[in-house]
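Engineer: Make the full structure from the sequences, and use the hints.
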Amino acid sequence: MKKLAFCFLVVCFNLLTAQKEAAIWYFGRNAGLDFNSGAPVLLTDGALDTREGCASISDPNGNLLFYTDGLTVWNRNHQPMPNGTGLNGDPSSTQAAIIIPKSDEPNIFYIFTVDDYGGPNGLQYSILDLNLDSGLGGITTQKNILLQAQVSEKITAIQHADRESVWVVTKGWENNNFYSYQIDENGVNPTPVTTPIGFTPQLNNRLTVGYLKASPDGRFLGSASEALGVMEIFRFNANTGVVSDLISLQDYFDNTWYDMEPYGVEFSPNGKVLYVSTRGGILQFDISNYEHDAIVNSAVRLGGVNTSTPFFGAIQLAIDGKIYCARYGGQFLDVIHEPNILGLAANYEEQGISLGSRRSLLGLPPFLTSYFYVGIKAENLCFGDLTEFSLDVSNPVTSILWDFGDGINATTEVPTHVYANPGDYTVTVEVTTATGITSEIKDITIFETPIANTPGDLVGCTSYGSYNIDLPSFNPTVLATQDTTIFTVDYFLSQADSDNNTNPLEPIHQFDYGTTPVFVRVSNANNEQCYDTTQFNIIAREAPIVEIITDWTVCDDDTDGLYIFDLSLKNIEIFNGQDETTFEILYFASQTDADTGTNVLPVSYTNTLPTEEIFVRIQNSTYPTCFRTGSFMIAVTPGVTANIPSNLEICDDNNDGYSTFNLADTEPEIIGTQSASSLSISYYATMTDAESNLNSLPISYTNSVANKQTIYVRVANATDVNCYATTSFEVNVFDTPQLQTVTDWLVCDNDNDGVFDFNLTEKNNEILGNQNPTDVSIRYYESLSDAILAQNEITGTYQNTANPQTLFYRLDNSMNTTCFVTSSFDLEVFETPFALASTPIIGCDINETGSQTIDLTQKNSEILGNQDPSQFTVAFYASPSDAENSINELSANSYINTQSQETLYARVERIGLESCYALTSLEISINPLPQTVLEERYVICPDSPALVIDGGDFESWFWQNANGTEISTTRFFDVTDLGEYQLTVSQTNNGITCENSETFEVVSSGAPESIVVDTKGFSDQIDVTVTATGTGPFEYSVDGENYQASNAFTVFPGKYTVYVRDLEECRILSEEIIAIGYQRFFTPNGDGNNEYWNIIGSELYPGSQLYIYDRYGKFLKQLSADSKGWDGKSNAISLPESDYWFKYNYANNQVMTGHFTLKR
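In mature numbering (1 follows the signal peptide of the UniProt record, and there is no 0), the protein residues as written are -22 to -1, 1 to 1138.
If you are wondering where the hints come from, they were derived from the structure by calculation, not from laboratory data.
Incorrect hints may have been included.
The calculated label-pair distances, taken between Cβ atoms and stated as ranges, are [what the hints assert, rightly or not]:
no.: 1; residue 1: 1078; residue 2: 1001; range: 13 to 23 angstroms
no.: 2; residue 1: 223; residue 2: 377; range: 26 to 36 angstroms
no.: 3; residue 1: 490; residue 2: 269; range: 40 to 50 angstroms
no.: 4; residue 1: 223; residue 2: 118; range: 33 to 43 angstroms
Only pairs whose alpha carbons sit at most 30 angstroms apart, straight line, appear in this in silico BS3-like list of lysine-lysine [to be verified]:
no.: 5; residue 1: 686; residue 2: 548
no.: 6; residue 1: 355; residue 2: 250
no.: 7; residue 1: 1107; residue 2: 1121
no.: 8; residue 1: 1137; residue 2: 1092
no.: 9; residue 1: 1102; residue 2: 1033
no.: 10; residue 1: 1102; residue 2: 1121
no.: 11; residue 1: 994; residue 2: 1095
no.: 12; residue 1: 994; residue 2: 1033
no.: 13; residue 1: 1121; residue 2: 1137
no.: 14; residue 1: 1095; residue 2: 1121
no.: 15; residue 1: 1137; residue 2: 1102
no.: 16; residue 1: 1095; residue 2: 1033
no.: 17; residue 1: 80; residue 2: 121
no.: 18; residue 1: 1033; residue 2: 1121
no.: 19; residue 1: 1121; residue 2: 1092
no.: 20; residue 1: 1092; residue 2: 1107
no.: 21; residue 1: 1137; residue 2: 1095
no.: 22; residue 1: -3; residue 2: 548
no.: 23; residue 1: 1137; residue 2: 1033
no.: 24; residue 1: 80; residue 2: -3
no.: 25; residue 1: 1137; residue 2: 1107
no.: 26; residue 1: 994; residue 2: 1102
no.: 27; residue 1: 1095; residue 2: 1107
no.: 28; residue 1: 686; residue 2: 994
no.: 29; residue 1: 548; residue 2: 741
no.: 30; residue 1: 1092; residue 2: 1102
no.: 31; residue 1: 1102; residue 2: 686
no.: 32; residue 1: 994; residue 2: 1137
Here a beta-carbon is modelled for each residue, glycine too, at the ideal position from N, C-alpha and C.
Structural biologist: Here it is as structure tokens:
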């Protein structure tokens, strides 16, 4: 079957000259590609390291000129150009820069830059001159010229309809404007064509992110705004620069999270297919029918959904007609090999081109779209196709002449032609438009179309779920005589895959059970769109699997040597999980019968020989020719008997429940009258093991289950272990009772006759410990031999016959009395002790805390009397109940009383027998020390030098000076000297005398002798200094109440009494002073406050005179000592605010002058 497809051969031209301005790319992390050879070649010499924005340009022959990241421009030697840094683009701007050549000056270029995130640098351009720096180029003084402030991170360039000038287009920020700037021979027109249309990016600066691209023919624009999933398509008028006919695809990109962020945009070379990259992958849209629903419904995802890094970035058309896709952080670019073709046939390839050790990030360099403009287009290039020609022109065609290269011409704009033979042809066209006549040339190839011959179906049997087929083995049938160097053969699982040339099968392919259609595609190796397909079937039928079959031995219980075998019992083993509805099993007496399927044995089969081989055939029930065979042996041997033996029992030494048994001790009972030499006996822990003859136990066996375990016995024919019988017995491990640590039984003899009645059952719990009395029994005996022989047991209450006396006891396992132990303890009867009353303990409260540390053991001998202290202990307690119960014993060596009068209790106890004791009491008295009433300090004032101190009412007095010399022994002490003294007094109580001492000091006062007062200052505050003579130190006051250590005061003008005293207040001196002064301002404004100004304290100087002047020295007023003061008037006229001067005469013609302020 012949398939028709479209193929576009792209030739970029301008007036018949091939252009390679877009031949070299630099992008990402020092990555680069060279497309000059027709296929991309890795470049590793780039200096550019950018997250997104980048641009590069070459000359028409593909030689690198320069490249930039929007900030720095590098020359072809990868060095920054002069003045080539500090451009106002940004490497993090989606499209940081684009390069446009000046149409009439080949060495002049415009670099347009775009700021990131709608930043203030907006759209700017700089001019680059390649004549600078010895031909390497440099940025001129025309640098960073602002065209538009705050635009989105988008820029593209489209050739004008005049084929000479260029449109540079960007999108605004916080408005929906598109700005189209025209660049022609006059330079950049700063007034753009503004088109308000489409989405308004605002608020979120991520809405500026995403590419703006134009189709190669300049007819369409695609704009992506990543943050809100906005993807818009427009028509572009290359003659006027107007953007129109919006189609929004946002409703499509809202569907899934991985497609909600469109970023990269590109058009196919023919301008009919739109490609968009998102986080999740590459999407293809057919825009040939420019209508919303048709475009949305045409959406195809190329490749799988990408849900993790590296995410997709820019997509960019190259001069080889392919589209390349950046992956963030990837060391490869993905490739769309046939971008003009719709669907999966576009041939999307992940990791299509390696970047070596370099990495792509998000950006790829954009170019002027005319570099990818297609002139002559030819479609349907397979031999026999109706080949269609067309020409993209900007102006209306008035006449056109085609030459198809085979002597045939046409004059229509879109002619079709069928070539007579395959081969290479040169197509020319001459076009006449209003602007003149243009000729263009295109070389095309008409490719041979192959024929796909159909192979016959392949049928086979397989047992392993799949069938491996070498598909290239069918190639000779499919191709027949066709040239294998021209045509290729591929195999597919669907007609769609075969048509789209997607998902070809590996040369060796596994086919599952059943019938699988295989689709064959024969393609022209030079143009895969020239192909033919056919189809045949692979039929894989299921064959069974036969594993090794176990032999079948039975015991001859009736000794006739024959046995009826139910062969169907082997079916489960032979099927081994295989589907019993798919397969069936037959039994035969020979391999030949099994292979041919003849002479089938009955399922109920009786042997004729002691040993025979049975053959098995398992086959597919539907397809019996799919079968496998196997065999097994059957045998009949004599039978055996296994008698039940007695259980084995043992006493456990360590009571862990485990012990070692000789299992062979049971063999005589198991064998009975049978011949031991004809039998094989083995022991097992489970019946399953015994039946399976697995995991036999050693003859010397330690039980694995504590205390009691069942042992299984297999008795087998010595010559045929499969002929056997089983029995069982138990091994029992009985605990041996455990001896505890048992104390001797000591008692207190109330009547001191040495005999006591013992209730022996009181010892049971101690002897048993934590053993269960139902598991262990106790018996008492007077001798060890009686205990061993279990004779002459003692029962009931027992009275000792000696003092002390040894008794013996025996512990038996209640389940097995052969498991027992014996031991003994002593009986001893002690006399009851006594406790004598002792004399009291009396002491002085030397620490004056009411408590003393007392050694109570000083009374032990009094309390014990003549009793042996090595046989008895004495302990002390705070209460009778504590003493009775022997709790809360006091510290006898260092007892501290809590009260001055206490009664303690002593307990005399026989050592080793707590129940044998007697009690008594002990009195404690602590006398308080006599307390004197003395002052710490006595003062002898010079005005009253006599001092007599009363020592208080005590039995004795002992006065000492600082040297320890006795100076008086009377109650009253007449002090004559200064210094430190000590008084010791005594008092007798409870028969003991207690003393107490106290020290004191006698000092003399340094009283003041005289004072002198000095005043300084003449204003509203006066400084006063008081000087006193005498020993000191002194305190000072100006009011007689509040004293201070400083002798300096600051006071208001007035009359004061100044005081001085010593610290002991023995003497106070005083003196009156007058501190005169004045206010620095007054306010005679009639409010009743500060209405008059005067000398403060002038009334204390009768006859004093006050003279007031203005600032110029003019006399204004004279006031006497008894005047109220000046009211701010002169001759009844209120004077203005100002400074005024005064002169004050007082006290024997002393004169004070100064100035003050009048305020209104």
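Engineer: Hints first: check each against the structure and report whether it holds.
Structural biologist: Against the structure, the hints come out as follows:
| no. | hint | result |
| --- | --- | --- |
| 1 | 1078 - 1001: 13 to 23 angstroms | holds, 19 angstroms |
| 2 | 223 - 377: 26 to 36 angstroms | holds, 31 angstroms |
| 3 | 490 - 269: 40 to 50 angstroms | holds, 44 angstroms |
| 4 | 223 - 118: 33 to 43 angstroms | holds, 39 angstroms |
| 5 | 686 - 548 | violated, 39 angstroms |
| 6 | 355 - 250 | holds, 13 angstroms |
| 7 | 1107 - 1121 | holds, 17 angstroms |
| 8 | 1137 - 1092 | holds, 19 angstroms |
| 9 | 1102 - 1033 | holds, 18 angstroms |
| 10 | 1102 - 1121 | holds, 17 angstroms |
| 11 | 994 - 1095 | holds, 27 angstroms |
| 12 | 994 - 1033 | holds, 14 angstroms |
| 13 | 1121 - 1137 | holds, 20 angstroms |
| 14 | 1095 - 1121 | holds, 11 angstroms |
| 15 | 1137 - 1102 | holds, 18 angstroms |
| 16 | 1095 - 1033 | holds, 26 angstroms |
| 17 | 80 - 121 | holds, 16 angstroms |
| 18 | 1033 - 1121 | holds, 21 angstroms |
| 19 | 1121 - 1092 | holds, 12 angstroms |
| 20 | 1092 - 1107 | holds, 13 angstroms |
| 21 | 1137 - 1095 | holds, 18 angstroms |
| 22 | -3 - 548 | violated, 80 angstroms |
| 23 | 1137 - 1033 | holds, 28 angstroms |
| 24 | 80 - -3 | holds, 16 angstroms |
| 25 | 1137 - 1107 | holds, 13 angstroms |
| 26 | 994 - 1102 | holds, 25 angstroms |
| 27 | 1095 - 1107 | holds, 9 angstroms |
| 28 | 686 - 994 | violated, 119 angstroms |
| 29 | 548 - 741 | violated, 70 angstroms |
| 30 | 1092 - 1102 | holds, 22 angstroms |
| 31 | 1102 - 686 | violated, 129 angstroms |
| 32 | 994 - 1137 | holds, 27 angstroms |
Checked against the numbered hints above, the structure breaks hints 5, 22, 28, 29 and 31 and satisfies the rest.
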